[in-house]
Amino acid sequence: MIRSIILQIIDFFYQPFARFMPRQTFRYLACGGGNTALDIFLYFICYNFVLHQQMVVTPVINISAHIAALFMSMAVTFPTGFLLSKYVVFSDSNLRGRVQLFRYFVLVGICVLLNYALMKLFVDRLHFYPTIGKICTTALVVTFSYLTQKKFTFKVTHSG
Numbered sequence: 004m005i006r007s008i009i010l011q012i013i014d015f016f017y018q019p020f021a022r023f024m025p026r027q028t029f030r031y032l033a034c035g036g037g038n039t040a041l042d043i044f045l046y047f048i049c050y051n052f053v054l055h056q057q058m059v060v061t062p063v064i065n066i067s068a069h070i071a072a073l074f075m076s077m078a079v080t081f082p083t084g085f086l087l088s089k090y091v092v093f094s095d096s097n098l099r100g101r102v103q104l105f106r107y108f109v110l111v112g113i114c115v116l117l118n119y120a121l122m123k124l125f126v127d128r129l130h131f132y133p134t135i136g137k138i139c140t141t142a143l144v145v146t147f148s149y150l151t152q153k154k155f156t157f158k159v160t161h162s163g
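Numbering (this note's numbering) for the sequence shown: 4 to 163.
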């Protein structure tokens, strides 16, 4: 039922874009955009109001606030991203759910590494404000993620 409601809303807004892009691409942009907005919002809240822009000190390692906030926001957006991708965007995939989840997990792992490296680059090397660095990082990682999900994680296999 939730899937049906989400699809009705997204597809209602798709009509003006129908001649410019396929429905699946629009659905990905809508779901991914919503999940990305949630990620950036959670990142901002965690960085500024949960961590108060302070380093996280543990007995094993010290983690800078901008990196800790990255992992905190992902704890929410990983499951929401998978569910939206599986049931809304790439629902025609005929791969088994556990295969999709494993591939999504691997993709997210790669995206975490990309996020980490790009955040270190933008914030620590280029001295961007962390939220701006997160937005730039997100734009690059989202492009990579869409292509990987479409061609690998949720691909449609043709038998015969």
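Source of the hints: derived by calculation from the structure; they are not laboratory data.
This one's a predicted model, so the numbers in the text were calculated from it and none came from an experiment.
Using N, Cα and C, we set each Cβ at its ideal position, and we do this for glycine too.
Hints may contain errors.
What the hints assert, rightly or not - Restraint-style ranges between C-beta atoms, simulated for each label pair:
| # | residue 1 | residue 2 | range |
| --- | --- | --- | --- |
| 1 | PHE44 | PHE147 | 15 to 25 Å |
| 2 | THR28 | GLN57 | 37 to 47 Å |
| 3 | PRO19 | VAL63 | 49 to 59 Å |
| 4 | ASN51 | SER7 | 13 to 23 Å |
For each hint, the structure was consulted:
In this structure the supplied range 15 to 25 Å holds for PHE44 paired with PHE147, their Cβ-Cβ distance being about 22 Å. At about 40 Å, the beta-carbon gap between THR28 and GLN57 stays in the expected band of 37 to 47 Å. Between PRO19 and VAL63 the C-beta distance comes to about 52 Å, which sits within the given range of 49 to 59 Å. The beta-carbon spacing between ASN51 and SER7, approximately 37 Å, falls outside the hinted interval of 13 to 23 Å.
Violated hints amount to a single one, hint 4; each of the other numbered hints is respected by the structure.
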